[in-house]
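Enquirer: So you can see what is in the structure, the chains are spelled out below.
Protein chains: 2
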Amino acid sequence: MSKEITSREQDYSQWYNDLVIKGGLADHSEVKGCMVIKPYGFALWEKMRDQLDKMFKDTGHVNAYFPLFIPKSFLSKEASHVAGFAKECAVVTHYRLMNDPNGGGIIVDPAAKLEEELIVRPTSETIIWNTYRDWIKSYRDLPLLINQWANVVRWEMRTRLFLRTTEFLWQEGHTAHATEQEAVAEARQMLDVYATFVEEYMAVPVIKGVKTPNERFAGAVDTYCIEALMQDGKALQAGTSHFLGQNFAKAFEVKYADKNNKMEYVWATSWGVSTRLIGGLVMAHGDDEGLILPPRIAPVQVVIVPIYKGEERKSELDAKARELAAQLKAAGISVKFDDNDNKKPGFKFAEHEMKGVPVRMAMGLRDLDNNSIEVARRDTKEKISRPMDGLVEYTGDLLVNIQQSMYQKALAYREQHITRADTLQEFEHLLDTKGGFILAHWDGTAETEEAIKDKTKATIRCIPLDTVEEEGKCIFSGKPSHQRVLFARAY
Amino acid sequence: MSKEITSREQDYSQWYNDLVIKGGLADHSEVKGCMVIKPYGFALWEKMRDQLDKMFKDTGHVNAYFPLFIPKSFLSKEASHVAGFAKECAVVTHYRLMNDPNGGGIIVDPAAKLEEELIVRPTSETIIWNTYRDWIKSYRDLPLLINQWANVVRWEMRTRLFLRTTEFLWQEGHTAHATEQEAVAEARQMLDVYATFVEEYMAVPVIKGVKTPNERFAGAVDTYCIEALMQDGKALQAGTSHFLGQNFAKAFEVKYADKNNKMEYVWATSWGVSTRLIGGLVMAHGDDEGLILPPRIAPVQVVIVPIYKGEERKSELDAKARELAAQLKAAGISVKFDDNDNKKPGFKFAEHEMKGVPVRMAMGLRDLDNNSIEVARRDTKEKISRPMDGLVEYTGDLLVNIQQSMYQKALAYREQHITRADTLQEFEHLLDTKGGFILAHWDGTAETEEAIKDKTKATIRCIPLDTVEEEGKCIFSGKPSHQRVLFARAY
Chain A
1 MSKEITSREQ DYSQWYNDLV IKGGLADHSE VKGCMVIKPY GFALWEKMRD QLDKMFKDTG
61 HVNAYFPLFI PKSFLSKEAS HVAGFAKECA VVTHYRLMND PNGGGIIVDP AAKLEEELIV
121 RPTSETIIWN TYRDWIKSYR DLPLLINQWA NVVRWEMRTR LFLRTTEFLW QEGHTAHATE
181 QEAVAEARQM LDVYATFVEE YMAVPVIKGV KTPNERFAGA VDTYCIEALM QDGKALQAGT
241 SHFLGQNFAK AFEVKYADKN NKMEYVWATS WGVSTRLIGG LVMAHGDDEG LILPPRIAPV
301 QVVIVPIYKG EERKSELDAK ARELAAQLKA AGISVKFDDN DNKKPGFKFA EHEMKGVPVR
361 MAMGLRDLDN NSIEVARRDT KEKISRPMDG LVEYTGDLLV NIQQSMYQKA LAYREQHITR
421 ADTLQEFEHL LDTKGGFILA HWDGTAETEE AIKDKTKATI RCIPLDTVEE EGKCIFSGKP
481 SHQRVLFARA Y
Chain B
1 MSKEITSREQ DYSQWYNDLV IKGGLADHSE VKGCMVIKPY GFALWEKMRD QLDKMFKDTG
61 HVNAYFPLFI PKSFLSKEAS HVAGFAKECA VVTHYRLMND PNGGGIIVDP AAKLEEELIV
121 RPTSETIIWN TYRDWIKSYR DLPLLINQWA NVVRWEMRTR LFLRTTEFLW QEGHTAHATE
181 QEAVAEARQM LDVYATFVEE YMAVPVIKGV KTPNERFAGA VDTYCIEALM QDGKALQAGT
241 SHFLGQNFAK AFEVKYADKN NKMEYVWATS WGVSTRLIGG LVMAHGDDEG LILPPRIAPV
301 QVVIVPIYKG EERKSELDAK ARELAAQLKA AGISVKFDDN DNKKPGFKFA EHEMKGVPVR
361 MAMGLRDLDN NSIEVARRDT KEKISRPMDG LVEYTGDLLV NIQQSMYQKA LAYREQHITR
421 ADTLQEFEHL LDTKGGFILA HWDGTAETEE AIKDKTKATI RCIPLDTVEE EGKCIFSGKP
481 SHQRVLFARA Y
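So the sequence lines, in the order shown, correspond to chains A and B.
Start counting the first sequence at 1; every next residue gets the next number (the numbering used here).
Start counting the second sequence at 1; every next residue gets the next number (the numbering used here).
Hint data in this document are derived by calculation from the structure and do not stem from the laboratory.
It cannot be assumed that every hint is accurate.
Pairs of lysine to aspartate or glutamate residues, derived as EDC-like cross-links and limited to a Cα-Cα distance of at most 16 Å, are as follows [claimed, not checked]:
1) A/Lys457 <-> A/Glu180
2) A/Lys255 <-> A/Asp422
3) B/Lys457 <-> B/Glu415
4) A/Lys329 <-> B/Asp58
5) B/Lys473 <-> B/Glu393
6) A/Lys57 <-> B/Glu46
7) B/Lys329 <-> A/Asp58
8) A/Lys250 <-> A/Glu180
9) A/Lys409 <-> A/Glu180
10) A/Lys54 <-> B/Glu116
11) A/Lys314 <-> A/Asp369
12) A/Lys57 <-> A/Asp192
13) A/Lys434 <-> A/Glu9
14) B/Lys77 <-> A/Glu30
15) B/Lys47 <-> A/Asp53
16) B/Lys57 <-> A/Glu46
17) A/Lys314 <-> A/Glu289
18) B/Lys54 <-> A/Asp341
19) B/Lys87 <-> A/Asp100
20) B/Lys32 <-> A/Glu115
21) A/Lys54 <-> B/Asp141
22) A/Lys343 <-> B/Asp141
23) A/Lys87 <-> B/Asp109
24) A/Lys113 <-> B/Glu88
25) B/Lys47 <-> A/Glu30
26) A/Lys47 <-> B/Asp50
27) A/Lys336 <-> B/Glu88
28) A/Lys32 <-> B/Glu116
29) B/Lys320 <-> B/Glu374
30) B/Lys473 <-> B/Asp397
31) B/Lys255 <-> B/Asp134
32) B/Lys54 <-> A/Asp50
33) B/Lys259 <-> A/Asp192
Bear in mind that the values here come from a model prediction, so they are computed numbers and not experimental data.
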């Protein structure tokens, strides 16, 4: 089975597609740019979603649901928002089909044209702030801490499974606050929630930063982000949290009466992560044999494969394996007993390797006699035979160990791939050879940022939050700079 | 607060809207026919969704996600499906907006017209069966037991919050089987799952039945349904489960190789329930003071309201209430301590009554001295003062009791409102006076069914699964009939 996977070295992009499709995460659909999330991929998303949802609720947020459609005129209300989002989007113009009177099959009924076109939401700030106008009257109604799990559509010309699809699933938080300070704190808090999730659950280290004005969300005052590094040395924006100032409150006339009954515009944030995270997970950890999933979000943490010798003692082996599965399950470990008779053990091994199941246990007749079992971990491919006694506790520890070790490995790679460059030549050489993040001086202008991008295809991923002041010269213009910013080529 | 609610007697339809909007479940949006599900309503949906999801997984199903858009040509592939669904739907014709060169703001870019229009899914049989063609090759791939939680759009001319909205949330199960028998068993199993959920969690009794050919899902061989009765004597279809035969397999050429390597068409089912259930919940249980939610799906089961006397012993009261809340929470009871200083206790009482919180506890200074508490149940409005000792166990029992008693009350109402009619006159009289379900003889023809509907606005809700053979004469045509079917006016 593993032979079917293109190696990273041979074709990184094809390797990625192989893992996604053959690992059972997703498939292309016949609708251009839209994917089908397959059961295994969706189970992974459910694990991620449920954990994020818990973290949102623990920080005081509640869920709600707003319409899929946005009237075209709403998009125009916030000046920079419309420039960013009213471009490539799905436009609903009619509401009825009919039989072609000329026998041409089903056609759009020309009489059923909408007065105002509806846009399938690319993001929901406008429809939500239009609603908040009715919900917010007084300081007593604030803060409003709402999140939505939804599908959104952005008409992409070049799509890649999970990383960039026309339709994707995400969550979008939309909060309203009485003060600027509180809104900024909220945006920063949610960035921390994202960083914690991606690092501690996905085992992917991230750099927290703020975007340059050029790379800001359309309508934001500040866009905070987390940036992760993939194995090909390219960066992936893993989540963003926006401080929106009063832009949407002003666009939709959302005011509240403060304690002195004075009317003030409301302060806002929005923040989101999407199924794109799955793409990042695949690329951060996978190897040439398939996916490698971190235990804390793996849909199946342990798979048990029985090695039968025909019918000989099959029921005894099954009973023992089922007993083990029950014990692991009782300890809160998600386990699959793979007793499918149609597949040989070797085939199953390759399949579970492909799917990135963190721990594989194999049990044959000899194991039965010795009261032992073979335990293989997916990340390091280490295999040991060990006694059945104390296996549950051992497995729990092993899963913790795998989680940490996957994070440490990714962190070590990331640390080795943050390099400083002091000249444009150095910068370009690094990009073409080593890749990764590059810390370099930049003169702070959008022109230079664009010029560097045009010349090198690298963008400023962020100004890291933990940046330290350092005098230097912009690698491009030679003008003075007071801090290094983080560059990379990116997805 | 309760005074704001129109009474059922005065205007049932307005009463329903008042409960939905003032109870905090949903709001109209500015997008025609689309609603906003507010946080409290969404929390209720989450409780329902999570329980259903668990029941689906316990019966072997997994979740996946398919595209929002369906190419127009897909709808035409199943002959009766297209007739049923390719009518009122949202049609995406363009994929880009642009600035009007004549200064008219944002307009649809005429150059960005799709070659083939996309339909926002009204249901997903076609896109899913088009995908199943690639997933199903052999009997080893069957059964395929997949569910999807999604939003769907049906362009409705007359909408009502939850009951009939242009966009709604639902789940749709789509399963594929090797044999007809297995597919029929699946459709029946999921009908049972729905019935169990609606009766045991929503406390709403249902009648299981099969639809007449006229009322079948477009593309189904048989449509099973559960029918519930609302307090105005009208029926609500609460869920449907379809045996689709080989219709979609034939339309999308989905075949599997059986054990003898012979190619056979696959057998299918689909089944769904939606946010419409929330509308049924509201109408089955609510009263003129507001919502009444059954404990098993209530987002908040117990609310604790402190009755302060200014600042006097406020901290003592708070501490006691918090301790109680922690104890209830530890026992798995969802509890809210309503210590909002901006609202008076009487206002809070009315608010929690409006929101249908099953149990309200109120604690004042005298309670503190007596180590007692006032406990009020929402459904019967009974109020007692009882000692704090053993309160957690008492509350657990009380919640069980409320759940059962709500079901029994709804069941008693339903039983009183199933009436037999033997003549059309009797039938019409019943409809206009008592309402409810009417069991009557029908000659089995679509013409008679239509004629009765035209004359009385009553439809055949179903042929109950537990029907008994009985000779009689059709109330309309006088022709012979062998069983009674269930009529009602319906939502």
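Enquirer: Report the numbers of all earlier hints that the structure fails to satisfy, in ascending order.
Expert: 1, 2, 3, 5, 9, 10, 17, 18, 21, 25, 27, 30, 33
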